[in-house]
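A.B. asks: Here is what each chain is made of, one letter per residue.
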Amino acid sequence: DAKTTQPPSMDCAEGRAANLPCNHSTISGNEYVYWYRQIHSQGPQYIIHGLKNNETNEMASLIITEDRKSSTLILPHATLRDTAVYYCIVREYGYGQNFVFGPGTRLSVLP
Amino acid sequence: SAVISQKPSRDICQRGTSLTIQCQVDSQVTMMFWYRQQPGQSLTLIATANQGSEATYESGFVIDKFPISRPNLTFSTLTVSNMSPEDSSIYLCSVGRGQETQYFGPGTRLLVL
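Quick mapping for you: the protein sequence lines, in order, are chains A and B. For the first sequence, my numbering begins at 26 and goes up steadily by one. For the second sequence, my numbering begins at 37 and goes up steadily by one.
Keep in mind that the hints are not guaranteed to be accurate.
[Stated by the list, open to error] Residues from chain B shown here face chain A by an in silico Cβ test under 7 Å; the list is partial:
id	residue
1	Gly76
2	Ser78
3	Leu79
4	Leu128
5	Thr137
6	Gln138
7	Phe140
8	Pro142
9	Gly143
10	Leu146
Calculated directly from the structure, the hints in this document are not laboratory data. In this text, a Cβ means the ideal position worked out from N, Cα and C, and glycines have one as well.
Based on the provided sequences and hints, a complete structural model is requested.
C.D. replies: Here it is as structure tokens:
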């Protein structure tokens with residue numbers, strides 16, 4: 026079973042920041058938080074991951090609370106192409122560790 | 037990242053037949069994974085395929101139904117055997133990149149009539 030809880034759906038206006046929350050209250054010390062997204066009819070796309078520090082790359086920022094029980098994925102300037110299902114996954118670091126996908130959040134970016 | 041291709045991209049098959057899906061990666065990888073995504077559902081791991089060893093199947097998936105080959109470090113196949121309409125899904129392969137993450141192929145969309 027997935028170790029995360031996400032809202033089933035969210036809307037965001039084009040050009041605005043999209044903030045996608047994720048709860049992972051049972052996360053253990055050696056587990057990372059990963060974010061993937063799946064645009065309709067495509068394979069999941071890796072976005073970002075982190076352990077306890079906030080992370081930023083060209084796609085998004087990941088904010089992890091100090092207690093690590095929740096996190097937020099931020100898309101700073103959402104576009105229509107960001108409409109997708111976003112998956113928050115908790116996973117141990119290491120070879121062969123599985124990714125367990127929950128239902129994710131369906132983000133709709135509106136014009 | 038890794039560039040991953042799958043063949044076929046989609047197919048329509050008759051019940052009782054079998055389909056072999058191919059996954060090709062642009063570089064050598066140790067770990068390859070096969071997932072299933074049923075209509076309207078999230079992804080479910082079928083098995084992990086390492087080169088030179090037997091695939092490891094998740095609970096609910098068996099080798100007779102989903103035989104997997106892993107002949108080298110850039111290629112794997114998944115066969116869906118004796119298909120029924122319940123096997124209609126998207127089948128995805130992914131590769132492990134180091135210890136950190138996985139990258140996914142575009143998927144194979146299967147419809148069984």
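A.B. asks: Quick one, is the Leu146(B) hint okay against chain A at 7 Å, beta carbons?
C.D. replies: It is violated, given that the least Cβ distance between Leu146(B) and chain A is near 13 Å, above 7 Å.
A.B. asks: For the hint on Thr137(B), just tell me whether its beta-carbon gets within less than 7 Å of chain A.
C.D. replies: Hint holds; Thr137(B) Cβ to chain A Cβ min 6 Å, cut 7 Å.
A.B. asks: So, as I understand it, the hint says Phe140(B) touches chain A; can you test that by seeing if any CB pair is closer than 7 Å?
C.D. replies: holds (4 Å)
A.B. asks: Just to be careful: measuring from the Cβ of Leu79(B) to every Cβ in chain A, is the smallest value less than 7 Å?
C.D. replies: Holds. Min distance 4 Å.
A.B. asks: Measuring from the C-beta of Leu128(B) to each C-beta in chain A, is the shortest one below 7 Å?
C.D. replies: Holds, about 5 Å.
A.B. asks: Would the hint on Pro142(B) be counted as holding, given a Cβ-Cβ threshold of 7 Å to chain A?
C.D. replies: holds (5 Å)
A.B. asks: Would you settle whether the hint for Gln138(B) is holds or violated, based on the nearest Cβ-Cβ distance to chain A being less than 7 Å?
C.D. replies: Given a least distance of 6 Å, the restraint on Gln138(B) holds.
A.B. asks: Given a cut of 7 Å on the nearest C-beta pair, is the interface hint for Gly143(B) held or broken against chain A?
C.D. replies: holds (5 Å)
A.B. asks: Hint check: is the beta carbon of Gly76(B) less than 7 Å from a beta carbon of chain A?
C.D. replies: With a minimum Cβ separation of about 10 Å from chain A (threshold 7 Å), the hint on Gly76(B) is violated.
A.B. asks: With 7 Å as the cut and Cβ atoms as the points, is Ser78(B) at the interface with chain A?
C.D. replies: holds (4 Å)
When each numbered hint is compared with the structure, violations occur for hints 1 and 10.
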